Amino acid sequence: MWTQVGQALSQSMTRMVSKFASLLPGIMALVIVLILSLPVAWILAVILRRSLTGIDFDRRMAQWGFPSLAEWSPRKSPTLLVARLAGWIVIIIGFLIGISAFDAALTSQLVYRLFDYMPNLLAAVLVLAAGTVIARFLARSVLIGAVNMNLQYARLLSAGVKWLVTVLAVTMALEHLGIGTGIIRLAFGILFGGIVLALALAVGLGSKELVSRSLEGEAIRRPTHDMQEPVSHL
Amino acid sequence: MELDAAAQPRLEEFERLTPADLVIGIFDTDHQDGRPVELVRDTLAGLPKTARTVIVCNHSGPRPADASDPAASGVESIAVLQSSLSAGTAAETPRQSLMQAYPALFDIAKKLGARACAVVASQFRAVTPQWIRGQIQPLLELGFDLAAPIYTRHNLEGLLNRSILSPLYGALYGAQLRNPLGPDFGISARLLESLAGAAARRGHANQPPPVAAIASTAASGGFQICESYLGSGTQPPTDWNNLSFLLADILGPVFAEVERTAAAWQRIRGAHPVPAFGAPAAPPAEGGSVDVQRLIESFQLGSQNLQDVWGLILPPATLFELRKLSRLPAAQFRMPDDLWARTVYDFALGYHLRTISRDHLLRSITPLYLGWIASYVLELESAPGNAETRLERLARAYETCKSYLVSRWRWPDRFNP
Numbered sequence: 001m002w003t004q005v006g007q008a009l010s011q012s013m014t015r016m017v018s019k020f021a022s023l024l025p026g027i028m029a030l031v032i033v034l035i036l037s038l039p040v041a042w043i044l045a046v047i048l049r050r051s052l053t054g055i056d057f058d059r060r061m062a063q064w065g066f067p068s069l070a071e072w073s074p075r076k077s078p079t080l081l082v083a084r085l086a087g088w089i090v091i092i093i094g095f096l097i098g099i100s101a102f103d104a105a106l107t108s109q110l111v112y113r114l115f116d117y118m119p120n121l122l123a124a125v126l127v128l129a130a131g132t133v134i135a136r137f138l139a140r141s142v143l144i145g146a147v148n149m150n151l152q153y154a155r156l157l158s159a160g161v162k163w164l165v166t167v168l169a170v171t172m173a174l175e176h177l178g179i180g181t182g183i184i185r186l187a188f189g190i191l192f193g194g195i196v197l198a199l200a201l202a203v204g205l206g207s208k209e210l211v212s213r214s215l216e217g218e219a220i221r222r223p224t225h226d227m228q229e230p231v232s233h234l
Numbered sequence: 001m002e003l004d005a006a007a008q009p010r011l012e013e014f015e016r017l018t019p020a021d022l023v024i025g026i027f028d029t030d031h032q033d034g035r036p037v038e039l040v041r042d043t044l045a046g047l048p049k050t051a052r053t054v055i056v057c058n059h060s061g062p063r064p065a066d067a068s069d070p071a072a073s074g075v076e077s078i079a080v081l082q083s084s085l086s087a088g089t090a091a092e093t094p095r096q097s098l099m100q101a102y103p104a105l106f107d108i109a110k111k112l113g114a115r116a117c118a119v120v121a122s123q124f125r126a127v128t129p130q131w132i133r134g135q136i137q138p139l140l141e142l143g144f145d146l147a148a149p150i151y152t153r154h155n156l157e158g159l160l161n162r163s164i165l166s167p168l169y170g171a172l173y174g175a176q177l178r179n180p181l182g183p184d185f186g187i188s189a190r191l192l193e194s195l196a197g198a199a200a201r202r203g204h205a206n207q208p209p210p211v212a213a214i215a216s217t218a219a220s221g222g223f224q225i226c227e228s229y230l231g232s233g234t235q236p237p238t239d240w241n242n243l244s245f246l247l248a249d250i251l252g253p254v255f256a257e258v259e260r261t262a263a264a265w266q267r268i269r270g271a272h273p274v275p276a277f278g279a280p281a282a283p284p285a286e287g288g289s290v291d292v293q294r295l296i297e298s299f300q301l302g303s304q305n306l307q308d309v310w311g312l313i314l315p316p317a318t319l320f321e322l323r324k325l326s327r328l329p330a331a332q333f334r335m336p337d338d339l340w341a342r343t344v345y346d347f348a349l350g351y352h353l354r355t356i357s358r359d360h361l362l363r364s365i366t367p368l369y370l371g372w373i374a375s376y377v378l379e380l381e382s383a384p385g386n387a388e389t390r391l392e393r394l395a396r397a398y399e400t401c402k403s404y405l406v407s408r409w410r411w412p413d414r415f416n417p
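In order, the protein sequence lines correspond to chains A and B.
Mapped onto the working numbering, the consecutive letters of the first sequence carry residue numbers 1 to 234.
Mapped onto the working numbering, the consecutive letters of the second sequence carry residue numbers 1 to 417.
Hint data in this document are derived by calculation from the structure and do not stem from the laboratory.
A few of these clues could be false.
Here are a few chain B residues that face chain A, going by a calculated C-beta distance under 10 Å [unchecked claim]:
#, residue
1, GLU297
2, SER298
3, SER357
Fair warning: this is a prediction, and the values are worked out from it, not measured in the lab.
The beta-carbon is built from N, C-alpha and C at its ideal position, and this holds for glycine as well.
Pulled out of the complex, with its shape left as it was, chain B reads as follows (with noise of 0.2 Å):
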């Protein structure tokens, strides 16, 4: 990915001075000029050790004034580098947007000689110093290589990661995580090192975004893996009529990464939690009630007219349990964790099989994460306290099924339950 021709000359210049210890890159365009340098200012007066440090503000207006009066900070300085860090062509979606920005940050930091890069990809408005300590500091003190983010939400947030993401990477990678997929990091140079060696290896041709293989690399690669509690990230509203396109646009690197290290996961045994620094703080109020019906009446409508195409990627007792489950009434409605863990697996290995389209296969996940979260908020509804005892089981779950996967993996044709 190449700068902006502005941006260039000045990439070079930082080049030719001493290596910066640290890359911070802010990916979120709507910020005010200055702020980004207030900020990493504050974050750093709180750091025992002063830090050289490269902004990259993913943006291509004015450019905010480099911070170098170290009596004033005790820093020794910082620097902004701005530049369009995207390609952001009309036909990308802004998350595919985004998520071409990691590669170029990454590739800013390799040229500095960074020791450590952190990436704040959510919306500025909510970041604050420390936030971006907690990214930060356990790579530059504690020597850990991946700091992953924990965010402050409440129950119904988060549900891709809940219901997949997490305890997917845990029971495949062993290391359980709460946002394996970020989006805002902290990466040791180390694991960059490795991240870029993996993408060399992948070719340029059709490689997933690193996004999806930064935690995977992490934790099959032996690093020091933590997380840290960020705050809360503000959320986008969800869009349900293009919910199916989320799915497609998250999942289909996701799956792509699991074909990719095959053979990695299927010697991890076990997940365990990694260390979490940080405090925790209280969850916000979930405010309006979720339409359960519709949700339902999605996931029947859903199981009425896609067996023809579940056919081709679900074995025929999960079939058969999904169809028990769509007459089911809605007091009873509830989907059983192994149930859910068999059906993801399965897509993943269908992804892997190519046994349709991919992209039919990625959308047509969308009725059944419907249904899941149907029986998600019915299961709070009745139990309300229990929400981390309830994603604990279904890390569980996840855990449990995992030789399910690797026996279908292995023989797809010879093992079809």
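Bound-form chain A, shown alone (with noise of 0.2 Å):
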């Protein structure tokens, strides 16, 4: 018996050795590829930060509408924030090549559930940056037009059309995702549906006096400007 265990312990050690031996050759080129992808990744992001700081990107980035990318980047730079995810993209490629020594059959799958899923990624993006440029310039638009009409609650209101569609890219963006896609939904409809409702009751119901009044000191207030006004422009 005592031979029989032996031998069944023998036979199970030779097993995990023969196992571990052939997962060796794996886990070499994945410390392998791992160590070649550094140097790699370290060059990219050289580059590309060079590259980067010559077009002055971050003051650009400001430019086109997005200072709030510095808020969120290292250091305060999207420079950085570019380089450095750069580089990682080149580590994680590095390590999902590594992995396919192991099970190629494993790997591939879960590479190609991650390409399929980059589209839907690359248009995430795109919708909230969009978004965001929208966002931005509608409600610079709805700022300086409610100025020119000498609104007090200009702000206010330029605010609320910056989230309004800051939101709406969101949740676009999340559907995109896949993320959650139906309790987006509903929040956004309740959302959504609440202001237009709460709106209308406002104008309907509740503040029907105080917009009455704001009407009336409008339409008062317009006609006898222009009536005594002789001034012109041109």
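Using the supplied hints, reconstruct the complex from the two chains, each of which is provided in its own coordinate frame.
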């Protein structure tokens, strides 16, 4: 019996060692790929950093309507953010290549699903970027228009428009990413529906006196202002 | 710009005849049939030499009859061409539609080989024979290339001209014109040729209407410029609710022209008055009062809410002075001339650099303009007879601050006071 126990242990040990031996090339390949990807990532990050610094990327991002990107970036520099992101992407790709050495089927499925998801990710990023730019543009348009109309609550109107468009863009981006689509849609519907209902109630019932006084004030002010002013511009 | 299908054959008929001496374009569609011909006949009767004249009416109604009675009028002939001169799309404002009529008229004048072209863009009921004579006589008899208008106005009329257009054109292009954007010009064939050449070099895409380029092309091209007293042009009432649209309509082409001619105005030094013809009439009484408090409140509201926008256009020193101004009580509210001049120059630079959307930039100047009006009105109230002196001082401030504009234009990042 002890002989059989010994044989079972020996066979188990042999299987373990041979299993480990079969994995060893994969592990070595993973380590080598990771070691190689580190300098590649570093070189790419340096090249990107120098190129983006050369075109004054940080200042341009602020001008193009993304000043908040600096708040999220390391050392408040979008250039550094992009460079580090590119470096980490290279390292992750290296990791995936290394993983494929273990089980090609598993990693190919993983890579396939990742690349299948990429268009959604890109679309979400584009929708978010476009939404941010549009939100800032519309907010500025509303602000300038409201100030020119002498509305005291110009800034509030502008902020409202900006946040509405931003929420819409974030919702669309999350829909593209497939993250909590049902609950996001519900929340968005409740939010917008609630805003519209509140406005309708305010105008129709609750604030009708205020709106009526405000409209009356504008109506009285406007004709007397026009009739008495001897000013012309051209 | 193509003419109506009905007008094209008539134009071709005119082209086959001897060249016209004079083309007069009447943009206002609100006039009685036959009145343009009568008016032009009376005008030409007052000139020592006769002139073959073609009147171009911006009209799609029945055409008034030509006048071809040399014995009665002493005029060789007055022919009438009637056509809608502007595209008149639904999206255009009346002003934009009017601006489209200029290139159409200039094109007709060129095709007819006219020696001079007079543009009557003001409301026709205000036009007299002396008006048209004032536009054409300097061109036909004295060899001038551009006759710009001087209108009889009281101190509170033409404020956009007084505050921005006139001093800006004077400082940049060296010719002090009271109404550099007309709209009623007299233009020689030589200047028309130059304008057409400039338009061709610009290409057809996004070119500004030529009315903004007329005075600048004449001044920077060495043409002979004069002014003529025309009379009291009728002014449209101020629409305070759409003032920002008006400013965008007017200042957009002006700043585009400043950008286009940057190489020319950076070389021009000083400004000089131009000869003026005709007799100035007494200005009418002002009538009514200006709600200065409302103008100051608009300026203050802009100062509170548009700091982020103005911060992209104006340098820190100017922003600081504007903030200080917004805190002054009405009795002390005075906008210094150099502050105003530098502000206008910064907006022109911002337009060129596209620091923000051009539409936003042009509309955001509205509270600043209202602040200037408030300051101007308060100064006139304290010294009523000094309007001309006041405006001369403003023109000198623009000239003095021109070096500021040149420095910022050439080195926008390095020179930011």
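Original post:
Hint numbers the structure violates, sorted upward?
Top reply: Per hint list: zero violations.
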